[in-house]
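K.L.:
Listed below, chain by chain, are the residues.
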Amino acid sequence: MRLELQGLTKKFGSFTADDDIDLVVEPGQIHAVLGENGAGKSTLMNMLYGILKPTSGKILIDGEPVEFSGPGDAIAAGIGMVHQHFKLVGPFSVADNVQLGREHTRAAGVLSARAARQAVRDVSEQYGLHLDPDAICEDLPVGVQQRIEIVKALSGPKTELLILDEPTAVLTPAEIRELLGIMRSLADSGTSILFISHKLKEVQAVADTVTVIRRGKVVAELEPSASETEMASAMVGREVALTVDKTPAEPGEPRLEVRDLTVVNDAGVKVLNGLDLTVHAGEIVGLAGIEGNGQTELARAVLGLLHPDRGSIAVDGVNVARLSPAARIDAGLGYIPEDRARDGVITEFTVAENLVLNQYRNEPYAKHGVTDAAAVRERAVDSIAEFDIRTQSPNEPVASLSGGNQQKVIIAREFSRPRRLLVAAQPTRGVDVGATEFIHSRLIAERDTGTGVLLISSELDEIYALADRIAVIYNGRIVGEVGPETPRESIGRLMVGAEAPEPDAQDAEASETPPTDAAPPETETSSTSTQDSATPDTEMPDAPTPDASGPDADEDDATNGGDRER
Amino acid sequence: MAVATAAIEPETRARRRHPKAGIAYVVLGIALAAAALAVVGPGRETTFALDRTIGDAQWTVPTRTTVTVLALLAALAGGWLLAGMRRGLYRLVSTIALAALVIGLITWAVARPGVVFPVEAVLAGSLFLSLPFIFGALSGVVCERSGVINIGIEGQFLMGAFAGVFVANIADNPYAGMLGAMIAGALSTMLLALLATKYQVNQVVVGVILNLLALGFTGFMYDQLKTTGGYNSPYGVASNALDGIGLGFLSGIPVVGPVLFDQNIFVYIGLFLVFAIWFALFHTRWGLRTRSVGEHPAAADSMGVNVNRLRFWNVTAAGLISGFGGAFFTIANSLAFNKNMTAGLGFVALAVMIVGRWNPLGALAGALIFGFTTQIADYLDAMGGSPVPGPFLQMLPYAVTLVVVAGLIGRAKAPAADGVPYNPGDQ
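Protein sequences appear in the order of chains E and D.
Numbered by this note's numbering, the letters in the first sequence go through residues 1 to 566 in order.
Numbered by this note's numbering, the letters in the second sequence go through residues 1 to 427 in order.
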């Protein structure tokens, strides 16, 4: 299918989300649309899929103009879409989700379970996407759920164009690599693909053509061979630094000491199993691991949202395991939660209110239990300027902000008061390049003021860019603590629970760090101070081992790895 | 290290303890046994009879021993729950425990010289009295499975009850009255459907208002008709619907006959609807789409299902069912309409729906429990001489609601998008 957009425009009131977009997707091509959050990518795709009606402009399929009054029309025209937020009915089986809207029926609308199952098997086999038609969707891992979405999109009457909206946002590195492979083979078999993303490496890896959108306008047409810096600059509209400047850490006394932490969930599974971890003042400890190995529970237990069944959590040497979250916050704990909409902001509240959520009871924001609106507002004006939060006013509800700006609200809130320890869980998830750059530099600055930072991230790139020490979590416990120059493949092996790869992969100074318990501060200091000089030598061997832990490993080692330390 | 941590204790998953329910049954069972031993004289006897079919088939049991044995059985089952058991057994065992307690209590309550407990009449009456719960809960299931909360069932009952009598009077035909009841129910839910889909008004508010509207409207009409006269005469249907089609002889089968083959047409329509709606929900295109719209409307929308249109028609169709349920109060009982004659049963039907976990078959089971307790309370009240005052007996069904919801059902999960208006614009 050849898809052409001519002057497609969408206005919401006075706001123009998409302005005069021209774009051509050739048959069998992977066409990437790059743009920051809020650039108008999703609006564009929703118009293409019939969810939104264009204000003006035309959509042409194989030269014929088409108009969609709903997704049903788009499906009938051969367009399939994989949404960023999966559109799967959780309690339904895979087969039921795939057949929804175009059910396999016998007489009188009675469903044929066998035909539905067979249809899923046929499509799975044809494209090599293995699925169990009888599995219940909500029980499946995210990667499999995405596979269901793809099979769903491909199961249309004649799907020839697939729209993938930020498909890698929730995937692990291994799942991302698998997805990119699937995309490639689909394109090779003739399916056109529109790939919406803001992740440069993935675009470079898989796209045939790249269109960059900024503030609703097409600003550049690039070849995938264009450099990351070029793409990022086009997206953001200015020069962006893709690497983080940082000096060696100067770790001080322990700020967070977690000992023998054990949490048993409702199903009786130990999600944390005797976990030990130490974070010192002035260092960033990166917690690497495949999602679902206890990271979420660790963060929630440290903040006090989850009560451990065993073990201790000490901040500055004081056991806080019995304290309420509020008391821990007052003791100097900062928290950037992984699920921003659920734990980070109250989306109906204004920007100003969200900025003081952790201090609203304290002077100067409240006097004698009454909120001082002027002080709250003043604080908001300051934070908005300092953290470059793009909002129309401090009184705007947070829900109206883009994801990146919502994250900046959280960062501003957590960083605008003295604190001893910061737990940052997936701090740049769903955040665009410009905001990521900003958040990363703030985290480093935070470390340099002497705060201990526990960085939990499922993106190894982020861990490598920021961490002074890397702890790998697997099955609810730390299976290794290594230096920042450890090759990706060693960490990748630890992440999947393969037995201790440290000795062969690691340098002498890194193996000084015992695998389970935290090292004494001196060891840390020596290990990190040598890092500066050791980096160029130890980094080089990484580059020729691209397949270590996912598709991003292919590209980023060359660009990110080399000049990470400036 | 990795291998060791990967192992999860299999024991916690295979066997489960149910301390709360277990303790409750142990305590209740032992208390009942102790009370029976202490209070009931050794000579007391209880007589059960197949009253409708084989009148002289009677069984007489020694009250004290029977009650004690049943109570201890309940306590034993409670002990088993305490000790832990395989996952699938929980419901079975707690049902046995509850049944043993209930039968034990009945055995005690009807142990009086000269009193014969009419097993068949009570069971047949239980099924009949469970009808309003069946119709109401089915209406609720259809609405809530499509994502619209319908707390207006009580109001739809009233509209149906009134319109049933009114139309039957005008047409001089009870079947026309049944049709009128359905249409009245559908018309009143159509308002809910419209406000919930097109205007996205809070569904609970609309439901409450509709209940009050129906109460006021039917009450006003009742007063008007009382003065006019001639429009509120009772109409009824044949007490055995199978007689008309030559199957009346089936009612002679012991136990099963009176319960299943000697009922009026409402019972058969109710049972048919339970299975029809169950089949439609889980085995047809309509059902798949309905459930998807109630769980994740955005997903359904993205697959070309018109969410609000489906919701509108489902809610309207649910009104047909609850309106028909309203006719139970008048036509099925051969009664004239009376102010507020539904007495809150529409709300109990909502509870039945939840007890039945939004499943028509579960709703049937829940409705039968309520029908049974209502029947028992009526029977004990009518028998007289009970040490418990009548109003307390009338509370029994509601007390049972609390016990059943808290103990047997636990946390029931509503459809995810239940009560959430869907606006295709916001993604």
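Just so you know, not all the hints are guaranteed correct.
[Unchecked claim] Covered by chain E, per the in silico footprint, the following chain D stretches (three or more residues, Cβ under 8 Å):
{"#": "1", "region": "40-52"}
{"#": "2", "region": "283-291"}
[Stated by the list, open to error] Ranges of calculated distance between the beta carbons of each label pair, as one might list FRET restraints:
{"#": "3", "chain 1": "E", "residue 1": "Arg-2", "chain 2": "D", "residue 2": "Arg-16", "range": "57 to 63 Å"}
{"#": "4", "chain 1": "E", "residue 1": "Asp-73", "chain 2": "D", "residue 2": "Asn-423", "range": "15 to 21 Å"}
{"#": "5", "chain 1": "D", "residue 1": "Val-204", "chain 2": "E", "residue 2": "Ala-115", "range": "39 to 45 Å"}
{"#": "6", "chain 1": "D", "residue 1": "Ile-209", "chain 2": "E", "residue 2": "Ala-169", "range": "41 to 47 Å"}
{"#": "7", "chain 1": "D", "residue 1": "Ala-343", "chain 2": "E", "residue 2": "Gly-109", "range": "45 to 51 Å"}
{"#": "8", "chain 1": "E", "residue 1": "Gly-109", "chain 2": "D", "residue 2": "Arg-16", "range": "55 to 61 Å"}
{"#": "9", "chain 1": "D", "residue 1": "Ile-209", "chain 2": "E", "residue 2": "Ala-327", "range": "33 to 39 Å"}
{"#": "10", "chain 1": "D", "residue 1": "Val-204", "chain 2": "E", "residue 2": "Gly-13", "range": "58 to 64 Å"}
{"#": "11", "chain 1": "D", "residue 1": "Asn-423", "chain 2": "E", "residue 2": "Ala-341", "range": "14 to 20 Å"}
Rather than coming from a laboratory, the hints here were simulated on the basis of the structure.
Beta carbons are placed, not taken as given, at the ideal position from N, Cα and C, and that holds for glycine.
K.L.:
For every hint, state whether the structure bears it out.
P.N.:
Here's how the hints hold up against the structure:
no.	hint	result
1	40-52	violated (count 0)
2	283-291	holds (count 8)
3	E:Arg-2 with D:Arg-16: 57 to 63 Å	59 Å, holds
4	E:Asp-73 with D:Asn-423: 15 to 21 Å	20 Å, holds
5	D:Val-204 with E:Ala-115: 39 to 45 Å	40 Å, holds
6	D:Ile-209 with E:Ala-169: 41 to 47 Å	43 Å, holds
7	D:Ala-343 with E:Gly-109: 45 to 51 Å	38 Å, violated
8	E:Gly-109 with D:Arg-16: 55 to 61 Å	40 Å, violated
9	D:Ile-209 with E:Ala-327: 33 to 39 Å	45 Å, violated
10	D:Val-204 with E:Gly-13: 58 to 64 Å	31 Å, violated
11	D:Asn-423 with E:Ala-341: 14 to 20 Å	18 Å, holds
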